[in-house]
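Participant: Protein sequences appear in the order of chains A and B.
Numbers 0 to 393, taken from numbering that gives the first Met the number 0, label the letters of the first sequence in order.
Numbers 0 to 393, taken from numbering that gives the first Met the number 0, label the letters of the second sequence in order.
Hints are supplied without guarantee of correctness; some may be wrong.
The list makes no distinction among identical chains, and a pair is therefore deemed to hold if it is satisfied within one copy or across any two copies.
[Unchecked claim] Calculated lysine-lysine pairs in the DSSO-like style (CA-CA distance at most 30 angstroms, straight line):
1) K145 with K377
2) K340 with K268
3) K23 with K340
4) K81 with K32
5) K295 with K165
6) K22 with K165
7) K10 with K295
8) K268 with K147
9) K340 with K393
10) K309 with K367
11) K352 with K268
12) K126 with K147
13) K165 with K6
14) K268 with K165
15) K147 with K340
16) K145 with K6
17) K309 with K147
18) K32 with K352
19) K32 with K113
20) K268 with K113
Read the hints as simulated data drawn from the structure, not as lab findings.
Protein chains: 2
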Amino acid sequence: MNPIPNKLIIKNGTIYSEEKEIKKGFLKIDGEKISDIGVVDVLLDPLDYEVIHIPNNYSIIPGMIDIHIHGANGADTMDATKESLDIMAATLPKEGTTSFLATTITEDSNVIDKALFNAGNYINDTKSEGYAEVLGIHLEGPFIHKDKAGAQPVHYILAPSLSTFKEWQKISGNQIKLVTLATEQPGAIELIDYLSQQGIIASIAHSQATYDQVGEAIQHGLTHVTHLFNQMTGLHHREPGIVGAAFFRDELMVEVIADGIHVRPEMVKLAYNQITDERMIIITDSMRAKWLENGKYDLGGQLVTVTDGKALLDEDTLAGSVLKMVDAFKNIQQYTGCSIKSAIKMTSENPAKHLNVFNRKGSISIGKDADLVILDEKMDVFMTICKGRIAYTK
Amino acid sequence: MNPIPNKLIIKNGTIYSEEKEIKKGFLKIDGEKISDIGVVDVLLDPLDYEVIHIPNNYSIIPGMIDIHIHGANGADTMDATKESLDIMAATLPKEGTTSFLATTITEDSNVIDKALFNAGNYINDTKSEGYAEVLGIHLEGPFIHKDKAGAQPVHYILAPSLSTFKEWQKISGNQIKLVTLATEQPGAIELIDYLSQQGIIASIAHSQATYDQVGEAIQHGLTHVTHLFNQMTGLHHREPGIVGAAFFRDELMVEVIADGIHVRPEMVKLAYNQITDERMIIITDSMRAKWLENGKYDLGGQLVTVTDGKALLDEDTLAGSVLKMVDAFKNIQQYTGCSIKSAIKMTSENPAKHLNVFNRKGSISIGKDADLVILDEKMDVFMTICKGRIAYTK
Chain A
0 MNPIPNKLII
10 KNGTIYSEEK
20 EIKKGFLKID
30 GEKISDIGVV
40 DVLLDPLDYE
50 VIHIPNNYSI
60 IPGMIDIHIH
70 GANGADTMDA
80 TKESLDIMAA
90 TLPKEGTTSF
100 LATTITEDSN
110 VIDKALFNAG
120 NYINDTKSEG
130 YAEVLGIHLE
140 GPFIHKDKAG
150 AQPVHYILAP
160 SLSTFKEWQK
170 ISGNQIKLVT
180 LATEQPGAIE
190 LIDYLSQQGI
200 IASIAHSQAT
210 YDQVGEAIQH
220 GLTHVTHLFN
230 QMTGLHHREP
240 GIVGAAFFRD
250 ELMVEVIADG
260 IHVRPEMVKL
270 AYNQITDERM
280 IIITDSMRAK
290 WLENGKYDLG
300 GQLVTVTDGK
310 ALLDEDTLAG
320 SVLKMVDAFK
330 NIQQYTGCSI
340 KSAIKMTSEN
350 PAKHLNVFNR
360 KGSISIGKDA
370 DLVILDEKMD
380 VFMTICKGRI
390 AYTK
Chain B
0 MNPIPNKLII
10 KNGTIYSEEK
20 EIKKGFLKID
30 GEKISDIGVV
40 DVLLDPLDYE
50 VIHIPNNYSI
60 IPGMIDIHIH
70 GANGADTMDA
80 TKESLDIMAA
90 TLPKEGTTSF
100 LATTITEDSN
110 VIDKALFNAG
120 NYINDTKSEG
130 YAEVLGIHLE
140 GPFIHKDKAG
150 AQPVHYILAP
160 SLSTFKEWQK
170 ISGNQIKLVT
180 LATEQPGAIE
190 LIDYLSQQGI
200 IASIAHSQAT
210 YDQVGEAIQH
220 GLTHVTHLFN
230 QMTGLHHREP
240 GIVGAAFFRD
250 ELMVEVIADG
260 IHVRPEMVKL
270 AYNQITDERM
280 IIITDSMRAK
290 WLENGKYDLG
300 GQLVTVTDGK
310 ALLDEDTLAG
320 SVLKMVDAFK
330 NIQQYTGCSI
340 KSAIKMTSEN
350 PAKHLNVFNR
360 KGSISIGKDA
370 DLVILDEKMD
380 VFMTICKGRI
390 AYTK
């Protein structure tokens, strides 16, 4: 991390701006914001800017937004410490992530209390220039179904409760932005109604809901599907389940873990064909082992074994991922044959719009936060800029 | 049935010919064949032709080819009588079918022997002008998997056997054109090799095969999937099964029962989006109760209850359909939003090509069999012509 001047010009390379693709472009940053974009030819070299020259075959894309991430580099949201969130915010720019939702897991209520309190304080108190910004909290569980728990500890599962949620939202300083729950459980519809009224995203996963039950939840304000395919009712030809709802219901934005492990590449392509980049959001769902060696790591009080990109709770249960956002960005293009522009939609634009921060994030546009990723010719991260500050250089 | 002159002209209406859509067209028939096609404006009224004037909002499409049909109007292929095949051949033009594969079911070997012998004789001895033509036999079972039997009687299931097949093919007078089997069963690969060499279509269904096992069968010559979704391994995100193979492997032609009962309309649309009209074939898989009242009917020695379009062996098991081809033709357009041209591909062109009879069937083209369906403005069958003879008029 290297927070130098915030009067900065990046020259050359292809800029994927909100409006168009600019070859041999320049991008000017003043303070936290993008102040100008154009083609290099018309740029008068200003005196008081630091200029970064990049090769013409590099790309500048908007900073990626990971709305489902538990941890990285040894740190986890559930640690409930400032230090852990600092580690995540400092590490994620290495993979092109410039903002994220700190994501909780099903745990003892007291543990969730602390994690929410810590994350809420962190978000409200911390300046994020030069670090990935925590945009809020994704509450995953404990309002889920025991038969679709996956790596969520079953014994801490609770029935959906509006009063518990309200208490948690208060503790978090109103920072819960997205709630993953089993919408078929008693109490869920009442909670979805409330979330919808409050502008908080209600999402389904870890659920046994039928296709029609999802339809009912949509009527009450459900707008999101967490990690498509994983821990949900699958696509049967007479009961299309939650996957079918994700496929057929345009009201739903849909998360996909694009590591090729959670979902087979062909199936990611099928989902992309059906859902399109209008509704798909790429996430990592990563746990603390990301950016670390193979070994054994904690997830929600459970021991997870990480071997060569795969995190397992036991032989049959995947426990989050160690996926890096930039790899997801590459994978989704490889699996689906989609364009960079389409991949950007799914890693930046869609999550920003869905979180209601598209006024300041999610695209390269004058006046928006200078959250930027410079990719080299191999699509690896060369540099990441968070709110105008260089957060990572290769 | 009304086999009048075979010097016939049909005037007006839209002709969906192989090359193009002709509005206010005419179509001339000499004997069994289509002898001319054009626009009415240039037609000189010939003296010795019977002329059928149809309204401009009627459509003329190629006769439909049902490659998977057990029975209709009280008759079934397994009855092993000339009378039963006569009934089917006379009834099917009412629904726009002008040719079909008489389809067998898993049964006692002696019963299959008789059915094959009867159908073989019928095909080799019967003239089909004015009737639907039996293009061959679809052998469905007995080489299937007991856990995916569906309405096929489990106790007659046999392991795939090349020698048994050769005997049956001999009994049938070489009229078996398509074999549905469980490709993962011992002996299946050897049989597929042989079928492929002989130009007989090898198809998968009633099977537990994994995605990779289907891949292996494709290497040996598998080219077809029988009634997609029904009685096969489904689409799991890490094990896409037979449905996944149908979706992702371009080597496979794929049957779909488009009655909205066997497969939910949304799922038919999903399949269409993925498989496209290049590889989809619409079938009925109908049983003898079609064109009859609700009631109890025999299927493979079992009692099937038919109520309002649904044929059930027991509460959970569908037993074939009572779907009419023209309804499937309408349904597929409604479920998928596809064009008439696209529906024609799936009901005529694709099955004709796959059965190697596209030189004489499967499209409206000069020199081809005059197998034609005239649809009224509601897409109901107004008239069906089989090899130049009027087989049905409303």
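Participant: Hint by hint, which ones does the structure fall short of?
Facilitator: 1, 5, 6, 7, 10, 12, 13, 14, 15, 16, 19 and 20
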